[in-house]
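Peer 1: Once you've looked at the hints, dock chain B against the given chain A.
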Amino acid sequence: MHRVAVTGWGVVSPWGNDPLRFRESVFSGQSAIRPLSQRTDQPWPDRTAAWIDDFDPRAHFSVSQLSTLDRTSQFAMVSSRSALNMSGLDINQLNLEQCGVYVGTGMGSAGALETTYSSFYGEQNRRLKPLTVPMVMSNSAAAHIAIETGFLGGNVTFCSACASSGIAIGEASRKIRYGEAKVMLAGGAESLIYPGVLFAWEALRTLAETDQADPARSCKPFSKNRTGMVLGEGSAFFVLESWEHAEKRGANILAELIGFSSTSDSGHLTKPSIAGQARAMRAALTDAHLNSDQIGYINAHGTGTQANDSAEASAIQEVFGVDTATVPVSSSKAVHGHLLGAASAMELLITLMALQESVVPPTANLDEIDPECHLDHVMGHPKPIHALRYAMSNSFAFGGTSSVLIAKAAN
Amino acid sequence: MDTLDTLRGMIADKFEVESAQILPETTLEALGLDSLAVFDLIFDIESVFEIKVSNDEVKIVTVADVVSLIERLRQEQGKA
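Residue numbers (this note's numbering), protein chains in the order written: chain A, 11 to 421; chain B, -5 to 74.
If we strip away everything but chain A, and leave its shape as in the complex, we get (with noise of 0.2 Å):
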């Protein structure tokens, strides 16, 4: 078995896609969400997402690049760029065969799918574009990742809603845990903020309703007055290296990824269950070989809908004892929102800047935490831990897919 470092992080988000700006944001709590009354260009429901703006396909691909490129994979592939520079390999000098990317993904290609639909049924159009198919299709940023990187010890993608990237990321580590590979390039994207999305969702009455007082603030996880989730969209990615390999080359080694559990409640298609959420969350500490009293921070999946957070809240209860003062949980949704598909590699990354600085971000906007959601939460400001060494980070999707991450402080 070989063990897992990180030595690169990238990401697309609201507030850009410089992991510093991105980490000052989410820690000092500063919310990308707005209501989508700001957009005119469509019909929207009467709710708020944190979508980004100011992201420019041209500054990174080329006018035909962008013919197979859906909003997706253009984060993702922005992404893992970053992650690849900031981890200093050098591509001439790997093996490429032991060189793969793992991708998770919610909705996929969401908006070309609906820019596609929305022409053939509401226009009537019979002349789609010739490159919808290699644009839709949901492994599209994993085999454009693929070609760009050429590496060629697998590219797969992982599709289990909120679970997506957290299986994605694992799967990339036990790849690497057995032998099968050196590097891989694992996250996830999504951007699906999108009319028809959008109002699926609100059919299904998950999303939060506007806090009319301040609506950057609609998104309230394990507080008393919460009312739902918001939607967001981005990406983030990983390079994850065995240990020896980053060693020999004198990598700068941010993490290590130590334990992974991917179970199935096979229950309910949305209802969270207490049972599968601890088994998941076990199943990650005995892979990890970690007692839970070693776990010192946990980030929640904390959706902000009344059903998911008093059924995480118990879980992780029920798995690091009614007293659970001494674990420190927060959410950092409140702030990014959900991003599906992303959200496990968005809130990894928040965790792993966690460990590096022994510091955990607040779940903003938690004033009256409800009472059926009893856990030591991070409220307000940031908190420093001291010697922070380990900290898990939960994912659970609808479909009832679970995705436990546990990572060690590098140091």
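Hints in this document: simulated from the structure, not taken from any laboratory.
The C-beta atom is built at its ideal place from N, Cα and C for all residues, glycine as well.
Do not rely on the hints blindly, as some may be mistaken.
[What the hints assert, rightly or not] Here are a few chain B residues that face chain A, going by a calculated C-beta distance under 10 Å:
#  : residue
1  : ASP(-1)
2  : ASP7
3  : PHE9
4  : GLU23
5  : GLY26
6  : LEU30
7  : ALA31
8  : PHE33
9  : PHE37
10 : SER41
11 : ILE54
12 : ASP59
13 : LEU63
14 : ARG66
Peer 2: Structure of chain B alone, referenced to chain A:
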């Protein structure tokens, strides 16, 4: 503007190549167009030149081949 000039402008804009590089004898491959890019170009050609290109006519290698195809189809389809 004649067919070659129009086509040259379309290729230059869409694939970001210098117009001066787009000569009749230049192959589409040399301009960096793969099979998917050719399908994409034909889609635009159909719109701009108001013609329909059937699947068995997509056998074009050089820029001159594309020009002849366009001019022949415009003639045959009554657009010339």
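Peer 1: So, for every hint listed, does it hold in this structure?
Peer 2: Quick rundown of the hints versus the structure:
1. The restraint placing ASP(-1) (chain B) at the interface with chain A is violated, with a minimum CB-CB distance near 20 Å, outside the 10 Å limit.
2. Hint status for ASP7 (chain B): holds, given a least beta-carbon distance of 7 Å to chain A, under 10 Å.
3. The restraint placing PHE9 (chain B) at the interface with chain A holds, with a minimum CB-CB distance near 5 Å, inside the 10 Å limit.
4. For GLU23 (chain B), the interface hint is violated, the least distance from its beta-carbon to any beta-carbon of chain A being 14 Å, above 10 Å.
5. With a cut of 10 Å, the hint placing GLY26 (chain B) at the interface with chain A holds, because the nearest CB-to-CB distance is about 8 Å.
6. Taking 10 Å as the C-beta cut-off, the interface hint given for LEU30 (chain B) holds, the closest approach to chain A being about 6 Å.
7. Hint status for ALA31 (chain B): holds, given a least beta-carbon distance of 6 Å to chain A, under 10 Å.
8. With 10 Å as the threshold, the beta carbon of PHE33 (chain B) comes within range of chain A, its nearest partner Cβ sitting at about 4 Å, so the hint holds.
9. Evaluation of the PHE37 (chain B) hint against chain A yields a held restraint, the C-beta minimum of about 5 Å falling below 10 Å.
10. For SER41 (chain B), the interface hint holds, since its Cβ comes within 10 Å of a Cβ in chain A; the closest pair sits about 8 Å apart.
11. Checking ILE54 (chain B) against chain A by beta carbon gives a least distance of about 15 Å; that is not within 10 Å, so the hint is violated.
12. The criterion of a C-beta within 10 Å of any C-beta in chain A is not met by ASP59 (chain B), whose closest approach is roughly 19 Å, and the hint is violated.
13. Taken as an interface hint, LEU63 (chain B) does not check out: its beta carbon lies about 16 Å from the nearest beta carbon of chain A, beyond 10 Å.
14. Against a cut-off of 10 Å between C-beta atoms, the interface hint on ARG66 (chain B) is violated, since the closest Cβ of chain A lies about 21 Å away.
In terms of the numbered hints stated before, the structure departs from hints 1, 4, 11, 12, 13 and 14, listed from lowest to highest.
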